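**Student:** This is what each chain is made of:
Protein chains: 2
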Amino acid sequence: MITHPNYDANDPWALRERGLDLGTLAQSESVFALANGHIGLRGNLDEGEPVGLPGTYLNGFHETRPLPYAESAYGNPEAGETVVNVTDAKLMRLHVDDELFDVRYGELLSHERVLDFRAGMLRREVHWRSPAGAEVRIRSKRLVSFSQRGVAAIEYEVEPVGRSARLVIQSELVTNEDGHTGAPSGPGGAEHGGDPRGAAALAQPLEGLESFADDMRVSLVHRTKRSGALVCVSADHEVEGPAGTETTVEHGDDAARVIVAADVPEGSTLRVLKFISYAWSGHRALPSVRAQARGGLAEAAHTGWDGLCEEQRAYLDAFWEGADVEVDGDGELQQAIRFSLFHVLQAGARAERRAIAAKGLTGSGYDGHAFWDSESFVLPVLTYTSPDAAADALRWRFETLGLARDRAQQLGWAGAAFPWRTITGQECSGYWPAGSAAVHIGADIADAVLRYQRASGDPVFAREVGLPLLVETARLWISLGHYDRKNRFRLAGVTGPDEYSALSDDNTYTNLMARRNLLGAAEAVDAHPESAAGLGVGHDESTQWRRAADAMHVPYDGILDVHMQAEGFTHHAVWDFEATPAENYPLLLHYPYFDLYRKQVVKQADLVLALYTCGDRFTAEQKARAFAYYEPLTVRDSSLSACVQAIVAAETGHLELAYDYLGEAAYMDLHDLEHNTRDGLHIASLAGSWLALVAGFGGFRDHDGVLSFAPRVPPGVDRLAFRIGVSTGRVLVEVDAENAHYTLQSGEALEIHHHAELVHLTADSGRVSRPIPPLPHRERPRQPSGREPLRRSAPRA
Amino acid sequence: MITHPNYDANDPWALRERGLDLGTLAQSESVFALANGHIGLRGNLDEGEPVGLPGTYLNGFHETRPLPYAESAYGNPEAGETVVNVTDAKLMRLHVDDELFDVRYGELLSHERVLDFRAGMLRREVHWRSPAGAEVRIRSKRLVSFSQRGVAAIEYEVEPVGRSARLVIQSELVTNEDGHTGAPSGPGGAEHGGDPRGAAALAQPLEGLESFADDMRVSLVHRTKRSGALVCVSADHEVEGPAGTETTVEHGDDAARVIVAADVPEGSTLRVLKFISYAWSGHRALPSVRAQARGGLAEAAHTGWDGLCEEQRAYLDAFWEGADVEVDGDGELQQAIRFSLFHVLQAGARAERRAIAAKGLTGSGYDGHAFWDSESFVLPVLTYTSPDAAADALRWRFETLGLARDRAQQLGWAGAAFPWRTITGQECSGYWPAGSAAVHIGADIADAVLRYQRASGDPVFAREVGLPLLVETARLWISLGHYDRKNRFRLAGVTGPDEYSALSDDNTYTNLMARRNLLGAAEAVDAHPESAAGLGVGHDESTQWRRAADAMHVPYDGILDVHMQAEGFTHHAVWDFEATPAENYPLLLHYPYFDLYRKQVVKQADLVLALYTCGDRFTAEQKARAFAYYEPLTVRDSSLSACVQAIVAAETGHLELAYDYLGEAAYMDLHDLEHNTRDGLHIASLAGSWLALVAGFGGFRDHDGVLSFAPRVPPGVDRLAFRIGVSTGRVLVEVDAENAHYTLQSGEALEIHHHAELVHLTADSGRVSRPIPPLPHRERPRQPSGREPLRRSAPRA
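First to last, the sequence lines map onto chains A and B. Start counting the first sequence at 14; every next residue gets the next number (our numbering). Start counting the second sequence at 14; every next residue gets the next number (our numbering).
Hints are not guaranteed to be accurate.
Note: identical chains are not told apart, hence a pair may lie in one copy or across any two.
[Stated by the list, open to error] Under the rule of at most 30 angstroms between Cα atoms (straight-line distance), these lysine-lysine pairs were calculated in the DSBU-like manner:
#, residue 1, residue 2
1, Lys-154, Lys-636
2, Lys-612, Lys-499
3, Lys-636, Lys-499
4, Lys-154, Lys-238
5, Lys-154, Lys-499
6, Lys-636, Lys-238
Quick caveat, the hints were computed from the structure, so don't treat them as lab data. Remember, predicted model here, so these are calculated numbers, not experimental data.
Construct the entire structure; sequences and hints are all you get.
**Tutor:** Here it is, written out as structure tokens:
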């Protein structure tokens, strides 16, 4: 754990950093990243240096590279996709008298950065004395617009202190910055020692096609060398300064700049507004891309700085109204959950039929790929807080259905095989036992479709997007599975969520999720028979799906009386945790997959994830026994685990343990728990902190369309409040130690469950309160030695 | 199948090719390769062109190259080793008048090549008319000496026909020839489309350090660029020609030559003798390597051409006396089995503490790596026919024990983990599920040790070589396995012989072979308690081994009443053979491992191999049922399968089927059945043809030190005779349709089993005959559609 000493945990609506710790600069660049799902700017300092990892990312914009194999094999993807750090437009370099402003030189009298969750803005205030003694205050504000998706804007102000100063501000566009490495690494866990070839392929990835400067406008157009994608960035400026302020422009292949020079008296200010517009395409021609960037720029300048700030505030006010989570009694957690929701929104808000990557647009980790993280962790949040973003993420999957069909065909199967990791929809996984073999991705997508459909009630989406996704994923299961001699439907040789197991028979999570997928597809066919016929689905096929779902095998250890993660799992040797020193975690950096796969050791919730996502298929007693069995085997080497363990711990009555896990999920990046926040934020874990609160302590489930709650607050929290929005209304849930209170904030009427009791909410029913039933006592499960979560829940005095 | 139309199948002691088929040139270069286990020359034409794949290989001489991974992981080998085509010393180029001799131009009046299994020599006779009408007869003889291991020699004679001719013979050394590709490919099966980087790393692999020419001696010294190994080749010449014959020498970095020019009258001959000596080392300095080559050359020239030929003949006479197999009634098979034995000898004779590669020294296939092929297929032949070669091969493993211990430690285990594929002992497998996970290699080595010890009775070997190998392999099993709740010892997540399955629990072959390893190690410790103590083995440890062996789990399907290849195997879906078109074999080129692993489809004998190697652990009835069950699942996409299927088919009474499989094993390379003989011979399959005859139709087993025979000849064979040599004597076994006859050819007394009847043989007992019991009728098992073996056993009229 790296706690960041400069973060102030007391502000409920902002993350404030006082001072500047260059040792954790890269981490803070991820934390202070701004994005809208379409474009993303890392929180690099305005002046470009010092820098941890420079980063500007455009959703879907990537370079391809060959995937190397020591031994080739049929079906291995030949090409990978890697996110590209595009032209950096956020650079504002400052000269004070004859010295370049650099926090490493001179004297940094004060430095503060604030990420404002309501303003949607990164503010910075610097007080600096140059080595020669000139003093300035610098104030910058940066936003990536939620309302104008290709647009970012910067306000940059400098004020001499004590005496006048000669100031030069250079507002730059710079392409092919050094420092970007795209070394491949595994998903969901700590980074491993990368392959230098991965990085080599991406040095200088862009070739310049066009540069332009006129008045205070500059523009650069580049193309990726292999994938041939075009990117155009344009910037315009407004300058306010004392009389005599001069501007000039320059441009070259990989750089363009506007230079503002002024003699500024003490008390006066030199202010530069920079409007930035990005456009890109893998298909369209240069004039079209250029025109799109120019159009976006014109609109942004027309809106103006104040207008952009107002739009931003309005967008976020609307978001928080439906999404906010209140945690009274734990201010640090309150801040962390809003930080999480803000970044989840930034990852998905305007992705608009492009992927939501595991790192969002905050870093180049995992090559910028999207995984199941999106459907299984991010969309459950967005579905109830920002449903349009959830719908668009699923539309993106729908648009890649052709590629997924091709992939299934290549592998010899029917239906669609969605990629384990991708930017465009092409499978980019170079290690198939933890890639293509993780076929649960298909069921995860289907599950997200079904959830969105229940919440939205959108018949057009259901028919045009949901149905084809459900049908093609269902077909894959029929093609993958077989009936055994006992007429059980089985899925052999697949990899479940736990990446310390692979190629197992009948992974319980996968089988139960496939069951849901098959039933959901059959119901969708019943609901849309004509559209289904258009996809070639008749009654026979959907009957086949129902039969397979009914016959789905779920492996159970009758002696231990516990569900098996997969067939035979509980017969394996238990990992020798006592002999595993703390420094050998994450295990994948110190032990071969060979040994991990063959033993009972769990990287991340797998059977325990099934207890949550398919909770309707387990009794309460089974859940309690399974959680108690798998806890001592689960090492949480993946950032996707703590939030799930929090949910199931809460459901099985371990509220303090749940609170501890919630802390891990919520502070994954603020405390850099996996030591790789520098490469980008763990968006799924951030989403998971919402899940831990809402599904964990709120006990929220949505298995059958009725919103169910079984709330209980942990000892450290006085009151928990959250909102769940569906098409028929939005309910505010407030929970304290004794009671839960339900308020219908919009809509006419809604039925919910409170601890299995049906409660009718109407527009007039106001705040309906229900008592919280007592909790059965269960002994706190133990974890592998040295892998206990940090105790957040110190027993109260 | 590519039958070679030019091979004459009628010569029992030689392979004769009439004419020259350029379309199968590369295949014939493998077939006509000469080697002695130390150096190997492909059967390239003397004049160097046309050429399929130029090749000269030195055992152990290799280049290293980085092994690339799309996703890195702990324990993946970082470097691979690849055999290098070294300086070509067999080149003899001929000018006739003013034209270069090239079979593609002018008129090839006759062309014959003969590989003589008793002379140990490749002879060639050519009658050629140049485009300008000059006619010559060319006779060349080439040998790689068994008696002088670094030495090869060539006799090259040219005689003008019809009129005199101006002849120039250029005897060359040439380094860094084009045409060598080291593309990686999987073991035991057909080659796949390789990674071009594998080849790129090996273009021009040698850098010149020294070249030299004096009188008629030339010499070149080179070094590999990465691994830094030195190779020196020296050649000396003797020339006989008409008066006026002149010689000159030239030398440069990558070439040296002796040029012989003469005006030769009709009826006269120009004759050049070339003595070649190779020396190489990865450790020693240049002067030492140079001196070794020079010394070998001097000895060869001193011995002279006739002397080398005599030594060669004497060596082979001794070999055939103990190794010959006679097959009366099937001349083609007679030739093929001697061809096989000759090449097995060439692969192993003088390997002398270096590896016996899968391709021997006949081609660059599989990067020149050694696999389990050596211990499991080649050594069972050499142990009883050329025991010193078997001992040396095991001494090589012993000398790599340090590397294997290091590898085990890296993987987190005790004992020794031998590499799946290697040249030096370093693991070079870049795909661990079919590499490091195939831990049965350790038991295969232990089995070969135990077999050699039983046969040789050599106590020094047993103590100094056998004991450490047995102890360290046994330790691996204890570290890999665990006791389950029923106190069964289990080995989870390993890969057995069948490469269409991987990472299974309790592979029956592996478990039973591990059991033998553990018991053998415990017995070795009892036999050598002091040496064992020196290895840290006490009574407690060997007791632990015995306990694990006794508790070893063997998975059995009680419903089907058949042994499982691995736990759960028979619960998997059966591969859809009916839907698999013939052109989709080998399956690995058309289907992903993902799908192959999860279904019942067997690349090569696995459970059926266990029926043979661990036949003492199955009843006759179990064997019959298991063979009948696995035959319809086995596609024989590996060259290691047919011979094993032949053995078990014979044992279970399917003599005609066994005969068919024997044909496949014996003609693997002569008929190019796997379409990759161009890359080198399948040494294990060649050895397997001996096994199919001796263990199959001879019913030879050696499970407990008593040589057991259960002979039965198939319908196509009148008489089968073979020899088995052990330290106490050599027995000649002759079998006809009614009787078996046993003769002790050397030694005082030997007990054998004939169909379970104990028979005492003595020096005086002469030819002891026993009747062959009748065969129970069993229905011929079927194979997957389209994968039936070619029928060799047409029912006789």
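**Student:** Does each hint fit the structure? Answer for all of them.
**Tutor:** Hint by hint, here is what the structure shows:
1. Lys-154 - Lys-636: neither (49 angstroms within a copy, 79 angstroms between copies)
2. Lys-612 - Lys-499: both (28 angstroms within a copy, 17 angstroms between copies)
3. Lys-636 - Lys-499: For Lys-636 and Lys-499, both the intra-copy (26 angstroms) and inter-copy (26 angstroms) Cα distances are at most 30 angstroms.
4. Lys-154 - Lys-238: neither (34 angstroms within a copy, 56 angstroms between copies)
5. Lys-154 - Lys-499: Answer is neither; intra-copy 66 angstroms and inter-copy 68 angstroms both fail.
6. Lys-636 - Lys-238: For Lys-636 and Lys-238, neither the intra-copy (52 angstroms) nor the inter-copy (61 angstroms) Cα distance is at most 30 angstroms.
In this structure, the earlier hints numbered 1, 4, 5, 6 are contradicted, and the remaining ones agree with it.
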